[in-house]
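Colleague: Residues per chain, in single letters:
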Amino acid sequence: MLSIKNLHASVEGNEILKGIDLEVKAGEVHAIMGPNGSGKSTLAQVLAGNDTFEVTAGEVIFSGDDLLEKKTEDRARDGVFLAFQYPVEIPGVSNMQFMRTAVNALRHHRGEPEMNAAEFMKLAREVSKQVDLDPAFLKRGVNEGFSGGEKKRNEIMQALMLQPSLAILDETDSGLDIDALKVVSDGVNALRSEDRAILMVTHYQRLLDHIVPDFVHVLADGKIVKSGGRELALELEERGYSWLGIAEDEATEASSAN
Amino acid sequence: MATTDQEVTELIKREYEHGFVTDIEAHSFEPGLNEDVIARLSAIKKEPEFMLEWRLNAYRRWLEMEEPDWAHLGYDKIDYNSISYYSAPKRKEDMPQSLDEVDPELLRTYEKLGIPLHEREMLAGVAVDAVFDSVSVATTFKEPLAKAGVIFCSISEAIRDYPELVQKYLGSVVPHTDNFFAGLNSAVFSDGTFVYVPKGVRCPMELSTYFRINAANTGQFERTLIIADEGSHVSYLEGCTAPMRDENQLHAAVVELIALDDAEIKYSTVQNWYPGDEHGKGGIFNFVTKRGACMGKNSKISWTQVETGSAVTWKYPSCILRGENSVGEFYSVALTHNYQQADTGTKMIHLGKNTSSTIISKGISAGRSSNVYRGLVKFGPRAEGARNFTECDSLLIGDRCGAHTFPYIESLNKSAVVEHEATTSKVSDEQMFLCRQRGIDPERAVSMIVNGFCKEVFKELPMEFAVEAGKLLEVSLEGSVG
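Heads up: the protein sequence lines correspond to chains A and B, in order.
Quick note on numbering: numbering that gives the first Met the number 0 labels position 142 of the first sequence as 141, and the sequence is numbered without any gaps.
Quick note on numbering: numbering that gives the first Met the number 0 labels position 69 of the second sequence as 68, and the sequence is numbered without any gaps.
Incorrect hints may have been included.
Unchecked claim - 25 Å max Cα-Cα, derived DMTMM-like pairs, lysine to aspartate or glutamate:
1) A:70 <-> B:429
2) B:425 <-> A:88
3) A:121 <-> A:131
4) A:128 <-> A:88
5) B:454 <-> A:113
6) A:222 <-> A:50
7) A:138 <-> B:390
8) B:425 <-> A:53
9) A:70 <-> B:440
10) A:225 <-> A:178
11) A:138 <-> B:428
12) A:4 <-> A:14
13) B:454 <-> A:149
14) B:458 <-> B:473
What the hints assert, rightly or not - Some chain B residues well away from chain A (every beta-carbon gap over 10 Å; in silico):
15) 48
16) 260
17) 353
18) 403
19) 408
20) 432
21) 436
22) 441
These are calculated hints, taken from the structure and not from any lab test.
Note that beta-carbon positions come from the ideal geometry of N, C-alpha and C, so glycine has one too.
Next up, chain A with everything else stripped away, as it sits in the complex (with noise of 0.2 Å):
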């Protein structure tokens, strides 16, 4: 489903991106992990297509197609969808709206019939039930005021509304206390299908307790340094990464300079 070949991407003449290779089929999960500043949070911004980052080699085939080559509605269209780790508020546009103009996006692409507003309320409201969101919240503004644990749980419910076939999950862990990253997993594992990858961008073993990955890759200085299964994440969390020849400074700086 998803090829990724010696990519490369840079923000402000830095090369952020080193080379990355990894192939992710239909029906896994798959895990990112590594310290701060390693590129995860990149590698998934690049993929759903943010032109702040500047490729500069590679490429990435997305069922079949070229992905670098298209706008980033466009991958949106094709099924890639990124769970934003930090989401932006848009003020006075309602989740509702929202997430309605984006549905029906979505189906116009694929040529089917727009939902109306009430087929589509039937639906929010049973998928925020699942998120354990209040259904009221679909009337306020974007992430207005929402809770760092509210904006997650609303991103995850995108992704249960939008049915995505590539769900790119950036730091969703992060910032949840224990019963809200037991709804976003819940979340997350009900998104699992055969047709459908995820993969995981996360610092935090904790996370893959709950979504357990097939596959494993550690990322550091922009590059892949490590794949493995689920057992790899266990081993990080026991020795750290200094084992894999990251420098401890390396991931201790970056840790302090989050």
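Following the hints, complete the assembly by docking chain B onto the known chain A.
Modeller: Just chain B now, with coordinates in the frame of chain A:
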């Protein structure tokens, strides 16, 4: 986000949709202004003697007045002698009695604008007094209004048929001495709307006028007078579009509202005159004086405006709160892009006890435009317990536009309370990225974000207007963001 900037710029470039010229033979005066022109104008309109006197007085005074230059605006000086002061669509005999008699070319023009009179008539239940250039050509729903005792006609008719009301109220809120443009309008106003709602009557429908500037080089000088007698209620909608032109066209309208005891007037405007092209060429110069007087106790005047058009806008719909407990409101969305300039806001003059006013202003600047909020809140010595709340928000799209806020507060009464809030924000790259990542077109995203920003004002608009206003913003924004 260079790409987004570029995309936005592309979007902004979309041409003015309403830029077409209706081919109707116009009966126009040669350019130029003198007492003879005014006399001819008054004669064509079959006005009574008092009106000609009134106009000439205003004209003589106007000659001594100077064009104001305090606004944050820059434009080439207007040559008032290069303007034609009368233009009317040619008509066979008298005024058409029904839509069937209206020039089909004109009706097609309205259809192109998406405001077919037929549909409006049937679906919206709105009486439309359509002003095409300078003369009212179609008025609908006169009968149900007449049954309620509401007078809704062109100001020219009112001058002939209701001279007492006109003499009593015309110029009572905006005297011809008020300012340069009001003076000019008083001398040469071509046509406009007159509304009188009698005591205790709630106007059975929303009244609406569509203004449209058409003939080349023609100044348009609308005059609107709305009187709500004791305990009455009326909602009035004004909307405008204009065909594309190279020459700047001057528009200097005057609107006067009078609310007596316990009366309420709601005045809503959607203004979409030609703003000029993307290089700042052409476009309407819009110098408008709009003012309402809450004369009676517990009266209320509410202005809601959505301003997206004109090359230059100079407009301050205001309220004089004379009656005890009277209420003034101003809700405004002003959007500028390309080289548009807007200097707009309001004046709330608190004279009576316990008067209150609310100002919500939303300015949106895109392209290289300049958008100014200028507001005055004044409390007279007898305005015991008066209060005002002002909220001025500016939204910037891109980094080449400007937003300025000039709030003035003058208080001669210690018990008066003023609250003022102001914010400036940008349509951010992050917001755009979020929308696009969810599959939403950049153009749709900008429009959605801007509509969200304007929500507080849009909810004040009558339903059908709110929809139109949303669409208008979408067309007018035609891209923008950075």
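Colleague: Holds or violated: residue 454 of chain B with residue 149 of chain A, Cα cutoff 25 Å?
Modeller: Holds. Residue 454 of chain B to residue 149 of chain A sits at ~23 Å (cutoff 25 Å).
Colleague: Tell me if the straight-line CA distance from residue 128 of chain A to residue 88 of chain A falls inside 25 Å.
Modeller: 22 Å, holds
Colleague: For a C-alpha distance cap of 25 Å, please report whether residue 138 of chain A and residue 390 of chain B respect it.
Modeller: 23 Å, holds
Colleague: Over 10 Å from every CB of chain A: does residue 260 of chain B meet that, or does the non-interface label fail?
Modeller: 37 Å, holds
Colleague: Verify the proposed pairing of residue 70 of chain A with residue 429 of chain B, using a straight-line Cα cut of 25 Å.
Modeller: 15 Å, holds
Colleague: Could you grab the alpha-carbon distance between residue 70 of chain A and residue 440 of chain B and see if it respects the 25 Å cut-off?
Modeller: Satisfied, since the Cα-Cα distance of roughly 10 Å is no more than 25 Å.
Colleague: Checking a non-interface call: every C-beta of chain A should be farther than 10 Å from the C-beta of residue 432 of chain B. Is that right?
Modeller: Answer for residue 432 of chain B: violated, closest chain A Cβ roughly 6 Å.
Colleague: Against chain A, does residue 353 of chain B hold up as non-interface, every C-beta pair farther apart than 10 Å?
Modeller: 32 Å, holds
Colleague: Tell me if the straight-line CA distance from residue 425 of chain B to residue 88 of chain A falls inside 25 Å.
Modeller: 12 Å, holds
Colleague: Closest CB-CB distance from residue 436 of chain B to chain A, is it above 10 Å?
Modeller: At about 5 Å from chain A, residue 436 of chain B fails to clear the 10 Å cut-off, so the statement is violated.
Colleague: Hey, residue 458 of chain B versus residue 473 of chain B, does the alpha-carbon distance stay inside 25 Å?
Modeller: 17 Å, holds
Colleague: Keeping to a limit of 25 Å between CA atoms, is the pair of residue 222 of chain A and residue 50 of chain A held or broken?
Modeller: 20 Å, holds
Checked against the numbered hints given earlier, this structure breaks hints 10, 20, 21 and 22; the rest are met.
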